[in-house]
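Asker: These are the residues of each chain, in order.
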Amino acid sequence: MYRTYADDIFRFLLTHVRDTTLAEDLTADTFVKAWKGIDRFDGKQPRAWLYKIAQNLLTDHWRRKQTLPLDESIEIVDERIGHDEVVDQQIASHRVASAVAKLPRDMQSVVNLRFMQGYSAKQTAEALDMTEANVRVVQYRALKKLKGLLS
Amino acid sequence: MKKFWLKQELLQSRVKPGEVDGLMVIADQLGRVEQPKLSRAAHQRIEAATHRPSKAPRIAAWSAAGAFATITLVVISAQFAPESSPLYAIKRGTDDIRAFFAPQAKTAQTNSKKELENIDLQSSKQIESAPKSIKSPEPEKSSDTSNNSAHGTQGSKKNSGKSSDQDTSHHTKKSHRSWWWDSRDSRH
Chain U
1 MYRTYADDIF RFLLTHVRDT TLAEDLTADT FVKAWKGIDR FDGKQPRAWL YKIAQNLLTD
61 HWRRKQTLPL DESIEIVDER IGHDEVVDQQ IASHRVASAV AKLPRDMQSV VNLRFMQGYS
121 AKQTAEALDM TEANVRVVQY RALKKLKGLL S
Chain Z
1 MKKFWLKQEL LQSRVKPGEV DGLMVIADQL GRVEQPKLSR AAHQRIEAAT HRPSKAPRIA
61 AWSAAGAFAT ITLVVISAQF APESSPLYAI KRGTDDIRAF FAPQAKTAQT NSKKELENID
121 LQSSKQIESA PKSIKSPEPE KSSDTSNNSA HGTQGSKKNS GKSSDQDTSH HTKKSHRSWW
181 WDSRDSRH
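Taken in sequence, the protein lines are chains U and Z. Each residue of the first sequence is one higher than the last, beginning at 1 in our numbering. Each residue of the second sequence is one higher than the last, beginning at 1 in our numbering.
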């Protein structure tokens with residue numbers, strides 16, 4: 001379960017906190033919490049269970065901070081890629097990530113799972129404890145808002 | 001395929017067909033955003049925090065200890081096994097191993113065995129020679145008894161092995177010599 005979902009949970013958290021170290025810490029906390037509470041887990045929908053834990057940790061984190069930095073961007077650099085490609089990729093990623101960061105949290109979650117991680121509407125609904133119809137509505141609104149932000 | 005399903009979903013959400021293509025472009029851009037992976041250090045940290053020691057090594061250790069104890073018990077009990085017992089093969093095996101690693105112990109053991117055999121032989125000789133000394137100073141009988149004793153030693157030779165060879169040969173020589181002396185006396 002850890003191997004299957006660790007990276008997904010990390011990306012989900014990174015989309016929200018936009019700090020690699022913090023996202024790693026929260027990912028670790030998510031799995032430690034899941035491991036401690038494994039006896040209470042019924043074995044159904046592990047993805048939804050893990051995302052629920054991650055979301056709760058995010059809420060706790062925001063409560064503690066009381067601030068949500070919106071203008072920072074994710075700086076993810078792959079050193080294997082050539083310099084020009086890195087610049088182009090960084091610019092594109094920077095623009096899109098900055099736009100996503102300006103979305104409300106529920107939209108960020110849907111956009112991350114649905115478009116960045118490639119989950120289906122059903123999987124996204126399971127993970128975020130929403131209905132499929134609700135996911136479709138939120139994704140439409142998020143895309144519409146992003147279009148406005150990126151154009 | 002993904003695009004097809006997304007288009008279907010957007011159309012189902014009552015999005016205007018002219019608007020769908022623009023949203024598809026945004027979705028495509030989102031899909032191209034590089035997805036980072038959890039670092040190795042973070043993986044190690046999480047694995048260390050959620051590591052639960054397996055029971056398998058403990059079971060393996062107990063089973064190994066049990067097997068060792070059983071084998072030890074069998075080998076020890078085999079040391080006291082009689083020749084007819086199937087465990088006697090184990091005893092012979094352990095003796096061979098002991099001899100391989102400590103040949104001196106083996107020679108000491110064989111020496112003690114030889115000594116015991118010599119003692120047996122001597123005692124049997126004494127038993128045989130006792131009636132001879134009582135009964136007869138006669139030469140013929142003494143030669144008979146010497147033959148008998150030689151015969152007897154041959155019988156014991158089978159049991160005693162090499163160590164008794166010297167004694168028996170000595171004994172037979174002696175008996176031959178007495179026979180020779182006796183025959184010489186009779187000639188004269």
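Please note that the accuracy of each hint is not assured.
[Stated by the list, open to error] Straight line, CA to CA, 27 angstroms or less: simulated DSSO-like cross-link-like pairs of lysine-lysine:
(1) Z:Lys37 with U:Lys36
(2) Z:Lys37 with U:Lys102
(3) Z:Lys37 with U:Lys44
(4) U:Lys147 with Z:Lys16
(5) U:Lys33 with Z:Lys37
(6) U:Lys65 with U:Lys44
(7) Z:Lys16 with U:Lys65
(8) U:Lys122 with U:Lys52
(9) Z:Lys114 with U:Lys122
(10) Z:Lys16 with U:Lys144
(11) U:Lys102 with U:Lys52
No lab work stands behind these hints: they were computed from the structure.
Asker: Can the restraint linking Lys33 (chain U) and Lys37 (chain Z) be considered satisfied, given a maximum Cα separation of 27 angstroms?
Answerer: holds (20 angstroms)
Asker: Hinted pair, alpha-carbon criterion (27 angstroms max): Lys16 (chain Z), Lys144 (chain U). Please report holds or violated.
Answerer: holds (12 angstroms)
Asker: Is the straight-line distance between the alpha-carbon of Lys16 (chain Z) and that of Lys65 (chain U) 27 angstroms or less?
Answerer: violated (41 angstroms)
Asker: Taking only the CA atoms, is the gap from Lys122 (chain U) to Lys52 (chain U) under or equal to 27 angstroms?
Answerer: At roughly 16 angstroms apart (the allowed maximum being 27 angstroms), Lys52 (chain U) and Lys122 (chain U) satisfy the hint.
Asker: Could you grab the alpha-carbon distance between Lys147 (chain U) and Lys16 (chain Z) and see if it respects the 27 angstroms cut-off?
Answerer: holds (15 angstroms)
Asker: Does Lys36 (chain U) sit within 27 angstroms of Lys37 (chain Z), going by the straight-line distance between their CA atoms?
Answerer: Given that 27 angstroms is the threshold and the Cα spacing comes to 24 angstroms, the pair holds.
Asker: Would you mind confirming whether the straight-line C-alpha gap from Lys102 (chain U) to Lys52 (chain U) stays at or under 27 angstroms?
Answerer: Holds, at about 22 angstroms.
Asker: If you draw a straight line from the CA of Lys114 (chain Z) to the CA of Lys122 (chain U), is it 27 angstroms or shorter?
Answerer: Between Lys114 (chain Z) and Lys122 (chain U) the Cα gap is close to 92 angstroms, so the pair fails against 27 angstroms, i.e. violated.
Asker: Does Lys44 (chain U) lie within 27 angstroms of Lys37 (chain Z) when you go C-alpha to C-alpha?
Answerer: holds (26 angstroms)
Asker: Does the alpha-carbon distance linking Lys65 (chain U) and Lys44 (chain U) stay inside the 27 angstroms limit?
Answerer: This hinted pair is violated, its Cα atoms lying about 33 angstroms apart.
Asker: Compare the distance between the alpha carbons of Lys37 (chain Z) and Lys102 (chain U) with 27 angstroms, and conclude whether the hinted pair is satisfied.
Answerer: It holds: about 23 angstroms lies between the C-alpha atoms, which stays within 27 angstroms.
Comparing the model with each earlier hint shows violations of hints 6, 7, 9; every other hint is respected.
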